[in-house]
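A.B. asks: We have chain E already, so just place chain X on it with the hints.
Protein sequences, first through last, are from chains E and X.
To convert, take the position in the first sequence, counting from 1, and add 422; that gives the working numbering.
To convert, take the position in the second sequence, counting from 1, and add 422; that gives the working numbering.
It cannot be assumed that every hint is accurate.
The calculated lysine-lysine pairs, modelled on BS3-like cross-linking and capped at a C-alpha distance of 27 Å, are [said to hold, decoys possible]:
# : chain 1 : residue 1 : chain 2 : residue 2
1 : X       : LYS501    : E       : LYS440
2 : E       : LYS589    : E       : LYS501
3 : E       : LYS472    : E       : LYS501
4 : X       : LYS589    : E       : LYS589
5 : X       : LYS528    : X       : LYS440
6 : X       : LYS440    : X       : LYS501
Source of the hints: derived by calculation from the structure; they are not laboratory data.
Number of protein chains: 2
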Amino acid sequence: MRVSVFVGVSLDGFLARKNGSYDFLPRKGGDDNGYDEFIATVDAHVIGRKTFDVVRGFDEWPYGETPVIVLSRNPGRVKVPKGVHCELMGGSPKRVVARLAQRGAKHIYVDGGRTIQGFLNAGVVHRVIINRYPVLVGSGIPLFGPLRSDIRLEHVRTRAYRHGLVKSEYRVLPS
Amino acid sequence: MRVSVFVGVSLDGFLARKNGSYDFLPRKGGDDNGYDEFIATVDAHVIGRKTFDVVRGFDEWPYGETPVIVLSRNPGRVKVPKGVHCELMGGSPKRVVARLAQRGAKHIYVDGGRTIQGFLNAGVVHRVIINRYPVLVGSGIPLFGPLRSDIRLEHVRTRAYRHGLVKSEYRVLPS
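So that you can see chain E by itself, here it is in the shape it has in the complex (with noise of 0.2 Å):
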């Protein structure tokens, strides 16, 4: 079972803006780079509520038939549109990983800042995948966050694309 994170940043490692908007990132920015590849061997998105409150917003639900998880310390709380289908889930990253592959999920994709940074904190991702665009933003809200500790990892690969997008592809060290 493998915990992934694949993502588009600005060159200062900005998710998107303060307001939730990306519009510094390409459109398109994923047509080349991989993500349909990736995409079709996870079995289980696990976002956060913020991300959840942004792309349920979208016109078109992103995760298509995939399981999505959307992790809440108030489940009861959070509302879902007719028609989306996702599943909320409270607990820690190292339960919500383990349920997951309970259930028999082989490569789990983790999205969203805060969730990003929870799970790299309790040492559940194995992989990640930054696809970073040539462009400083200044602010907004950030890829990586304070850690309990230093977190080694292995460089895999690294190769550029169109629109002077740079993807590395790494591998988290055992601590």
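C.D. replies: Just chain X, lined up with the frame of chain E:
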């Protein structure tokens, strides 16, 4: 006349820990990533007072015979150790660059978090070269900071080196 930034950072964008230590970067990180070649073309270093406070504690003055400009709002307060060749200078990034250009400087190397951020915000940096090491440290002295507005860059090249170092070179686009 060119103004360049050439830095080593953690994957989460820190130049150093809060106490100034950069023990998370490989000791001889610069031995094969083109630093020597780059530095050979530099004819003026511009550093902030905080970076100066760190480097003046080194056993060896790291800038050799190349002129070093130490920026300070209170130049009178900065103590320069014996045998250290540096000049104190106040004023805005634009003024500093203009003064050095008048003296014939062709390639200025700007270093230190605050100084880099000030020069980027002032729109006087032409080139940014970032050497990213595969470690997350969670907090420290950030390479980038708040901006008056987005800064767009053009990706020039990216290469992976030993220790999992990934070096990316960007050209700053005119705003």
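A.B. asks: Run every hint past the structure and note whether it holds.
C.D. replies: Now for the hints, and whether the structure bears them out:
no.: 1; hint: X/LYS501 / E/LYS440; result: violated, 41 Å
no.: 2; hint: E/LYS589 / E/LYS501; result: violated, 35 Å
no.: 3; hint: E/LYS472 / E/LYS501; result: holds, 12 Å
no.: 4; hint: X/LYS589 / E/LYS589; result: holds, 12 Å
no.: 5; hint: X/LYS528 / X/LYS440; result: violated, 33 Å
no.: 6; hint: X/LYS440 / X/LYS501; result: holds, 22 Å
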